[in-house]
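Model the full structure from these sequences, guided by the hints.
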Amino acid sequence: MCGICGCGDTPGHNHTHDHPHKHAHSHGAQPMPMTDAANEQTANLDQTRLIQIERDVYAANNIHAQNNRQRLLKKRMLALNLVSSPGSGKTTLLVRLIEQMQQRSPILVIEGDQQTDADARRIRATGVPAIQINTGKGCHLDAHMVGHALDDLPPAADGVLFIENVGNLVCPAGFDLGEAHKIVVLSVTEGEDKPLKYPDIFAAADLMVLNKSDLLPHLDFNVDECMSNARRVNPGINILIASARTGEGLSALCAWIETRMTSTLSANIAAP
Amino acid sequence: MHELTLAREIVAIVQMAAQNQSIHHIRRVRVELGAFGHVEEKALQFAFTAAVNGTLAAGSLLEISRLPGQAWCYDCNKTVALSTRLAPCPLCGGEKLDVIGGNELRVVDMEVE
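The listed protein sequences correspond, in order, to chains Y and U. Residue numbers for the first sequence follow this note's numbering, so the first one is 765 and each next one is one higher. Residue numbers for the second sequence follow this note's numbering, so the first one is -9 and each next one is one higher.
The hints are simulated quantities; they were obtained by calculation from the structure and are not laboratory data. Idealized CB from N, CA, C, for every residue including glycine. A few of these clues could be false.
Unchecked claim - Only pairs whose alpha carbons sit at most 25 angstroms apart, straight line, appear in this in silico DSS-like list of lysine-lysine: (1) Y:Lys961 / U:Lys86; (2) U:Lys86 / U:Lys68; (3) Y:Lys961 / U:Lys32; (4) Y:Lys838 / Y:Lys901.
Said to hold, decoys possible - Taking CB as the label site, the calculated pair distances span: (5) U:Lys68 / Y:Glu818: 42 to 50 angstroms; (6) Y:Gly851 / U:Lys86: 31 to 39 angstroms; (7) Y:Asp916 / U:Glu30: 16 to 24 angstroms; (8) Y:Glu818 / U:Met(-9): 24 to 32 angstroms; (9) Y:Asp881 / U:Glu53: 39 to 47 angstroms; (10) U:Gly44 / Y:Glu818: 48 to 56 angstroms; (11) Y:Asp916 / U:Phe36: 33 to 41 angstroms; (12) Y:Glu863 / U:Glu30: 48 to 56 angstroms; (13) U:Asp65 / Y:Gly891: 48 to 56 angstroms; (14) Y:Pro850 / U:Ser73: 28 to 36 angstroms.
Unchecked claim - Which residues of chain U face chain Y? A partial, calculated answer using Cβ under 10 angstroms: (15) Thr(-5); (16) Ile0; (17) Gln11; (18) His14; (19) Ile16; (20) Val21; (21) Phe26; (22) Val29; (23) Arg96.
Below you can see the structure in the form of structure tokens.
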């Protein structure tokens, strides 16, 4: 479903794609299994049939996500999907990251919020192109919205696309946008139990950034317990402690991203 | 509330499967939902009753069957069944588990007339 323009409303069918793939189809009618007695009684009356479908509900989103992924890979752009609850400091963190990275690499940003273009304006103030997606009542970005935003962004290559998702620790977990990695930002004011309370999003992320570390002296937040909770949900998760305000951990975060940029580049060279 | 998006997607899938099949009405839609699927079952049921309005599936029943969760246990070095994402390994009680199955949400079939 397209939540922004109504195009391609029938998922997987009214869109164009440059690769062959099979569309979902039914396998014809089969009689409903029923007992012989019931069958005799209803043979002339009941026209009930069973139609096999076997289709992933996320399939339409995943087709768009795969298209986005291919487009980005061709340009050797590393796409990072930033997820968190509202107010964790994603946008401020992003502004600081851009200040550190923009001299070295081209950067594009897609901002997702229910309303306002405030975040895109904050990003544009750094000189980096940003597109704001307003989801209206929507609680997450989907891959179709991101595909449209990519159309509207200026071309860029060999850099990073940051997608700042709608602030929500629940809904964005299940929607692939075509990103290389999900990064979950958790601020230390939110409590160390968040990975256990909202496990889906921490399970889907490759990196957890523990933000607002400058506030730690004023809080009872237990960093070790939080990290152990995150690893309980996702044993492979990377964890960095950062403060967008003081700059703590930003170099390590840049290094984490730049390492992934190199692997995106080599993956593309390795691809046929 | 992303369940509304998913409910609309389910309706779109069954409407598509109903095309050119001379179907008057969809009576029942069966979906499989993994134990760790990003879905609240009641919210999906509620959203489905709204999403079917004005479609061939209006008034139809959404039947949700659950699929078990699966995880790789780093201590046992094998795949184990898991009831919840935070449950310990049922074999060794360990907590070093990597979920490898249970995120599914799939439309299986539909009963039509």
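So, against the hints stated earlier in the document, which numbers end up violated here? 4, 5, 7, 10 and 12
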